[in-house]
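Colleague: In case you want the letters, here they are:
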Amino acid sequence: EPEVTQTPSHQVTQMGQEVILRCVPISNHLYFYWYRQILGQKVEFLVSFYNNEISEKSEIFDDQFSVERPDGSNFTLKIRSTKLEDSAMYFCASSAGNYNEQFFGPGTRLTVL
Amino acid sequence: GENVEQHPSTLSVQEGDSAVIKCTYSDSASNYFPWYKQELGKRPQLIIDIRSNVGEKKDQRIAVTLNKTAKHFSLHITETQPEDSAVYFCAALPYYNDYKLSFGAGTTVTVRA
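Just so you know, the protein sequences line up as chains W and P, in that order. Going by the numbering used here, the first sequence opens with residue 643, and the numbers climb by one from there. Going by the numbering used here, the second sequence opens with residue 79, and the numbers climb by one from there.
Pulled out of the complex, with its shape left as it was, chain W reads as follows (with noise of 0.2 Å):
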């Protein structure tokens, strides 16, 4: 059964560098995600893409987040300058259509020192 993936399992960073968190959604699906879950917290959406554009985005999401999908498979979450608060399991998702089972990828936990 095709699954999300995503690398790395684990990033450690120093406050203020950039992370870029990558994700490959299910071969043929069209809408990604990215979603935060701060420990022992609800899972919190912070974007969504389609047709290679951002179709919505959360107030989490401010300037210092991108998403990108730079090829046909990779869909990329971009911090610029991560805070302490930045600290969280950061999943990636994907659907066949907009109201269809949101697939997760396994995480990444982001630690910034």
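Honestly, the hints are just simulated from the structure, not real lab data. Worth double-checking, as some hints may not be accurate.
[To be verified] Derived DSSO-like pairs (lysine-lysine); straight-line CA-CA distance at most 30 Å:
hint, chain 1, residue 1, chain 2, residue 2
1, P, K135, W, K684
2, P, K178, P, K146
3, W, K725, W, K684
4, P, K100, P, K146
5, P, K100, W, K699
6, W, K699, W, K725
7, P, K135, P, K178
8, W, K684, P, K146
9, W, K725, P, K120
10, P, K178, W, K699
11, W, K684, P, K178
12, P, K149, P, K135
13, W, K720, W, K684
14, W, K699, W, K684
15, P, K178, P, K100
16, P, K178, W, K725
17, P, K120, P, K136
18, P, K100, P, K149
19, W, K725, P, K149
20, P, K136, W, K684
21, P, K149, P, K136
22, P, K135, P, K146
23, W, K720, P, K120
24, P, K100, P, K136
25, P, K100, W, K684
26, W, K684, P, K120
27, W, K684, P, K149
28, P, K178, P, K149
29, P, K120, P, K135
30, P, K178, W, K720
31, P, K120, P, K100
32, P, K100, P, K135
33, P, K149, W, K699
34, P, K146, W, K699
35, P, K136, P, K178
We have chain W already, so just place chain P on it with the hints.
Modeller: Positioned in the frame of chain W, the structure of chain P alone reads:
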């Protein structure tokens, strides 16, 4: 925007008993309600979902009910087993913003053997 409340936050049940988790939503325009199960350190995985044109859906030991008038939906797990121990998240998606899935805070279910 949509606000999803989930109760209880923790639930401990004896193996073989039933577990019920309840969620309420604020936006009457929401019409898709998935439930995700997240085992410790793993990705959220869809276990069942319901759309607003249906009042109840069942899949083996799992069922979901939806009351659109009262704006609440519930997950029912019957004959619980130790492998049902996990965090369960409800979510809602409005028809006018079909990219932004709003999650509840989660319920930690522990099934005692």
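Colleague: Next step is simple, just say for each hint if it's right about the structure.
Modeller: Here is how each hint holds up against the structure:
The suggested pairing of P/K135 with W/K684 holds, with an alpha-carbon distance near 25 Å, which does not exceed 30 Å. For the given pair, P/K178 sits about 20 Å from P/K146 by alpha-carbon distance, which is consistent with the 30 Å threshold. Proximity of W/K725 to W/K684 is assessed by CA-CA distance (about 20 Å); at most 30 Å being required, the pair is judged to hold. Distance hint between P/K100 and P/K146 is fulfilled; the C-alpha atoms sit about 13 Å from each other, no more than 30 Å.
The hinted pair formed by P/K100 and W/K699 meets the criterion: a straight-line CA distance of about 27 Å does not exceed 30 Å. Of the supplied pair hints, the one linking W/K699 and W/K725 holds, its CA atoms being roughly 19 Å apart against a limit of 30 Å. Proximity of P/K135 to P/K178 is assessed by CA-CA distance (about 23 Å); at most 30 Å being required, the pair is judged to hold. Between the alpha carbons of W/K684 and P/K146 the distance comes to roughly 23 Å, so the proposed pair stays at or under 30 Å and holds.
About 25 Å separates the Cα atoms of W/K725 and P/K120, which keeps this hinted pair within 30 Å; it holds. For the proposed pair P/K178 and W/K699, the alpha carbon gap of about 8 Å is at most 30 Å, so the pair holds. As the CA atoms of W/K684 and P/K178 are separated by approximately 14 Å, the hinted pair is consistent with the 30 Å bound. Between P/K149 and P/K135 the alpha-carbon distance is near 16 Å, which keeps this suggested pair within the 30 Å criterion.
Between W/K720 and W/K684, the direct Cα distance comes to roughly 22 Å. Compliance with the 30 Å bound is thereby established for this hinted pair. The hinted pair formed by W/K699 and W/K684 meets the criterion: a straight-line CA distance of about 17 Å does not exceed 30 Å. Distance check on the hinted pair: P/K178 and P/K100 sit about 21 Å apart at the alpha-carbon level, within 30 Å; holds. A hinted pair counts as satisfied when its Cα atoms are at most 30 Å apart, and P/K178 with W/K725 qualifies at roughly 24 Å.
Restraint check: the Cα-Cα separation between P/K120 and P/K136 comes to about 25 Å, which is no more than 30 Å; the hinted pair holds. For the proposed pair P/K100 and P/K149, the alpha carbon gap of about 11 Å is at most 30 Å, so the pair holds. The suggested pairing of W/K725 with P/K149 is violated, with an alpha-carbon distance near 37 Å, which exceeds 30 Å. Using a Cα cut-off of 30 Å, the hinted pair P/K136 and W/K684 holds, with the two alpha carbons roughly 25 Å apart.
About 19 Å separates the Cα atoms of P/K149 and P/K136, which keeps this hinted pair within 30 Å; it holds. With a C-alpha separation of about 14 Å, the suggested pair P/K135 and P/K146 falls inside the 30 Å cut-off, and the hint holds. About 23 Å separates the Cα atoms of W/K720 and P/K120, which keeps this hinted pair within 30 Å; it holds. For the proposed pair P/K100 and P/K136, the alpha carbon gap of about 16 Å is at most 30 Å, so the pair holds.
Between P/K100 and W/K684 the CA atoms are separated by roughly 15 Å; this keeps the pair inside 30 Å, and the hint holds. With a C-alpha separation of about 14 Å, the suggested pair W/K684 and P/K120 falls inside the 30 Å cut-off, and the hint holds. The suggested pairing of W/K684 with P/K149 holds, with an alpha-carbon distance near 20 Å, which does not exceed 30 Å. Distance check on the hinted pair: P/K178 and P/K149 sit about 18 Å apart at the alpha-carbon level, within 30 Å; holds.
For the hint linking P/K120 to P/K135, the alpha-carbon distance of about 26 Å falls within 30 Å, and the restraint holds. For the suggested pair P/K178 and W/K720, the alpha carbons sit about 20 Å apart, so the restraint of at most 30 Å is met. Proximity of P/K120 to P/K100 is assessed by CA-CA distance (about 23 Å); at most 30 Å being required, the pair is judged to hold. A C-alpha spacing of about 15 Å is found between P/K100 and P/K135, which places the hinted pair at or below 30 Å, so the restraint holds.
As the CA atoms of P/K149 and W/K699 are separated by approximately 25 Å, the hinted pair is consistent with the 30 Å bound. Of the supplied pair hints, the one linking P/K146 and W/K699 holds, its CA atoms being roughly 27 Å apart against a limit of 30 Å. A C-alpha spacing of about 25 Å is found between P/K136 and P/K178, which places the hinted pair at or below 30 Å, so the restraint holds.
Hint compliance for this structure: hint 19 is the single one not met.
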